[in-house]
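Letter by letter, the chains look like this.
2 protein chains.
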Amino acid sequence: MDTKTKPVAIDQLRIDGPRLWDSLMELAQIGATPKGGVCRLTLTDLDRQGRDLVTRWAREAGLMVTIDRIGNGFMRRPGRNNSLPPVVAGSHIDTQPTGGKFDGNYGVLAGLEVVRTLNDHGIQTEAPIEVAFWTNEEGSRFVPVMMGSGVFAKAFTLEHAYAATDTEGKSVKDELERIGYVGPEEPGAHPIGTYFETHIEQGPVLEDNDKTIGVVTGVLGIRWYDCTVTGMEAHAGPTPMALRKDALQVATRLMQEVVACAHRHPPHGRGTVGMVQVHPNSRNVIPGRVKFSIDLRNASDAICAAMDADIRAVAARIAAETGLAIAIEQVSEYPAQPFHADCIAAVQRAADRLGYSNMPAVSGAGHDAVYMARLAPAGMIFIPCKDGISHNEIEDAKPEHITAGCNVLLQAMLERAGVA
Amino acid sequence: MDTKTKPVAIDQLRIDGPRLWDSLMELAQIGATPKGGVCRLTLTDLDRQGRDLVTRWAREAGLMVTIDRIGNGFMRRPGRNNSLPPVVAGSHIDTQPTGGKFDGNYGVLAGLEVVRTLNDHGIQTEAPIEVAFWTNEEGSRFVPVMMGSGVFAKAFTLEHAYAATDTEGKSVKDELERIGYVGPEEPGAHPIGTYFETHIEQGPVLEDNDKTIGVVTGVLGIRWYDCTVTGMEAHAGPTPMALRKDALQVATRLMQEVVACAHRHPPHGRGTVGMVQVHPNSRNVIPGRVKFSIDLRNASDAICAAMDADIRAVAARIAAETGLAIAIEQVSEYPAQPFHADCIAAVQRAADRLGYSNMPAVSGAGHDAVYMARLAPAGMIFIPCKDGISHNEIEDAKPEHITAGCNVLLQAMLERAGVA
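Line order of the protein sequences matches chains V and X.
Position one of the first sequence corresponds to residue 3 (the numbering used here), numbered consecutively onward.
Position one of the second sequence corresponds to residue 3 (the numbering used here), numbered consecutively onward.
By construction, these hints were calculated from the structure, which means they are not laboratory data.
One thing to keep in mind: the hints can contain errors.
Intra- or inter-copy, both count: the list cannot distinguish identical chains.
[Claimed, not checked] No farther apart than 27 Å at their CA atoms in a straight line, the calculated lysine-lysine pairs in the DSS-like style are these:
1) 400 / 175
2) 156 / 293
3) 293 / 247
4) 388 / 175
5) 247 / 37
6) 400 / 37
7) 247 / 388
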């Protein structure tokens, strides 16, 4: 632990923004891309280098590092009462193939910066503080996504995760062993008292509202469907309008309704058709079959179920009106995950106390915090990212927002951990 | 010329249905596919075999065969007054890769059956009768389609046609020479007095109306466009509905309007979106760009122009309402081609006299008759095809309809040629 203590009132305590920024930029050098992004896919040599750097920094900050069997890392700063479960800040350090510098990495290094700040000021917490990094959050190389936190929360088994292979046939187990990150601890055996995750928003809402902090109230539930409309392919010339069974004409009505359905379930309803396949996809042939994806999201499972019923009823009505077959098959479902009221309140209070403009936010994308919320009180802190863009090499965030989010994390963690 | 003459009143004259059917089935053996269709692509060895068979039959029926420099064939039965331009029945014998037995082939062999019938009964016409087959109507192997008749009508040059290459880089000129079908005659030098083309409808209207004969009044004009809607791709989760620039949501509104535009221009308006490309076409990404084809058709160039103005106005309105860019680029235009009133009337009278149920029809697809109509009075005779299906190995037509169409051709040709 650092020894240069500076007495300061807890509510005056601030993290060292430039130090956090420098650490982010240094970690971003591992796997840096020419366009300014990062490609550090999970369980590659670059991932090992990233893990090695972060755990070296942790040890330099006096933390004890534990790795579990799926490669999740826990970096512990003892509290006064070490029988209490730790207050954990975590996220991930793997990236998308054309990822940015902030997604995930920020949440881990913000946790480390909290520790460094506590060390600077010689502050002892009542409960222990931990910083966690979770294996393979991104899911770009191995499916499922949020693998380490999912195994930890027993959403699926360690064996299932180990067996996943990349496109070259390499398995998670082999790659984890190869980079030396199979630890001794059983996933999930590690206690979690409270979990916070600081993250760029990955959406445009904070920027659009000119707010510094998003107080995240939960993560939207997601339902994915494949929809197929079957008509009859025919020549565009010789077939009069009245005798057509145009699958695309019917499919586009339903695609419009996916968006309308989201608007019918405000404020958090989301409806997206992202993928469309037209058969035979020829300029002068009336489409005989159209397959498309539907992505519905909302803030509670009950509203997601209402959206499901809504879109199915609309599809049945359109099928009856047009006489064309419409098949809707659900392919995935992720339940909504509200965060814990105490954690939400802690984040809200910290942001208010620190004088940062803030607003309630929902996360439309999944995070490791979703699984942690099944195990312990959990919450998230969002900061704006430029143009809402993420999973892209041009992903960007402002230093003052990076600093602000970490200050909120510091205050929220101290509230939950208590100061000795 | 056949010598077994049977005296018969002209209006009692009937073609030999089984003989025509047998010839169709025999020609269909060349390039026969396991599924019952025909693959006899233009200028292949199989096309040569087909041409050889048809010209052998023509010579056996006493016809004089002339080939022009683009490989079009003219098979001539002299009239009493050979200074008159011939009354020509024609079509093509090349097929689609997965084509049927009737498309094109029927029009050529119906002309041959007319000649055989005249021979059977020792009937001399005033004007000569000719049967024509046009090179590469289908355009599957070489572009442009309707190549032989197009060169003949000077829609484009012989050199342009010669230079066309297939996917293997083989040229029309080389392939035409290879199969021995470069004739001495200059394309277009051959006089045409009147032109008739008998064809399966390739659409569902006659079958739907339970009619035997379609009296074709013209061929629809066609305009082809590429339309691109540009929005902003973003994550389906974190992006609220109000902050989206969903290119597919806007594109599907316009796709609906393509169909509505056709309905606004009855009775012959056709509007089809056949091809759609969504970018990036990923389930959980709001589409940033959608490109799709528009195919508009109608019976006159003036109405086609009105449809063009209609869809552009709608696109401009949608672009203004949504703020997304919509670009419409016209990629092709084929003018409408009405047929000659005298030819339409001749077909109509023949069908009525023969007691065949009939109705006016338009052709939504192009035919060699479109180019012939630029040179001489022209008309077409449609017969039903099963389920309106063509360009498919399951293309089918009933023997009684095959016979009926040929009887109409016979009577119409005799009306135009005169009986000596």
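Unsatisfied constraints (hint numbers, rising) = The structure conflicts with hints 1, 2 and 4, although it agrees with all the remaining ones.
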